[in-house]
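*Asks:* Given the coordinates of chain A, assemble chain B onto it according to the supplied hints.
So the sequences go chain by chain: A and B. Just so you know, we're using the working numbering here: the first sequence kicks off at 257 and counts up by one. Just so you know, we're using the working numbering here: the second sequence kicks off at 47 and counts up by one.
Don't read these hints as lab results, they were simulated from the structure. Hints may contain errors.
[Unchecked claim] List of simulated lysine-lysine pairs, PhoX-like, C-alpha gap at most 25 Å:
1) A:K270 <-> A:K320
2) A:K276 <-> B:K117
3) A:K297 <-> B:K117
4) A:K297 <-> A:K322
5) A:K276 <-> A:K298
6) B:K151 <-> A:K297
7) A:K298 <-> B:K117
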Amino acid sequence: GAVVSQHPSRVICKSGTSVKIECRSLDFQATTMFWYRQFPKKSLMLMATSNEGSKATYEQGVEKDKFLINHASLTLSTLTVTSAHPEDSSFYICSARDPSTASYNSPLHFGNGTRLTVT
Amino acid sequence: GESVGLHLPTLSVQEGDNSIINCAYSNSASDYFIWYKQESGKGPQFIIDIRSNMDKRQGQRVTVLLNKTVKHLSLQIAATQPGDSAVYFCAENWNSGNTPLVFGKGTRLSVIA
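Chain B extracted, bound-state conformation:
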């Protein structure tokens, strides 16, 4: 289940089950979205991205869904593995050019073996 509090929200999932991590993004003008995975003590690693002209994009074991109406992004991980345990961040951008990403709050995924 999911818990939200003063710390990062945590999603606990049984190994082999599917995970769904949600993100509410901030700017209705955003047209590029990206999911990162961050393991303890490391920098964020790119997982998958999506542009605003799409509402779904699939990768290997991962799917990103975009709902612009409610400014919502989700990351689905199929057949979750212990190695998927990490903090997941969504990020968005709305500016042209080589501009920075704005990160969401993050969700800790804990996989129970």
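With the rest of the complex left out, here is chain A:
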């Protein structure tokens, strides 16, 4: 149980274009999802908290106009990287908790990530 799916797994785009990444909870409903970014050989850094039916909460230093988050349903959150530049190239990973254990002392379940390369 508690499977999180991301799509696409890899995407290459040209500088200046926008890319949308989808994150779905397959067997549970998630009112909250978390988006992380990971640079090569580095740890996961939280970008934003996606809340169903309300605005996302962004971490300090993350531009909300550049990384648009939409959590339109209880099973889908999307991250759109707008006007992408080469420095946005990274591994983007979403996660969520099983609502039956949605307290802070339970694991996050992660998608398999999206490798974004901006040329």
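*Replies:* Chain B in isolation, oriented as in the chain A frame:
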């Protein structure tokens, strides 16, 4: 042995030996800790977790030890196998509610067959 540098620390272990991966966590108020395994090109996979009211927890071939006095967490893997080769992250949380985890730096485990 272990090497630390600009890249992720790497722990090289002979197949069949036990591995110990260490983590210094950041917040003395943290009361939930978790270990993840991340294989190349994939998202993190849950291994084992522990709450702050415990100092040891065992799973299948894995043991997590928590020392709150020095803010230290360790993951022990018994009889390490080639399939254990991956990057291992510790993560912590100190907030109530459905809140995100904060990840540590990570250690690459390399199993020598």
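*Asks:* Compare the structure with each hint and give your call.
*Replies:* Hint check results:
{"no.": "1", "hint": "A:K270 <-> A:K320", "verdict": "21 Å, holds"}
{"no.": "2", "hint": "A:K276 <-> B:K117", "verdict": "39 Å, violated"}
{"no.": "3", "hint": "A:K297 <-> B:K117", "verdict": "24 Å, holds"}
{"no.": "4", "hint": "A:K297 <-> A:K322", "verdict": "24 Å, holds"}
{"no.": "5", "hint": "A:K276 <-> A:K298", "verdict": "23 Å, holds"}
{"no.": "6", "hint": "B:K151 <-> A:K297", "verdict": "9 Å, holds"}
{"no.": "7", "hint": "A:K298 <-> B:K117", "verdict": "21 Å, holds"}
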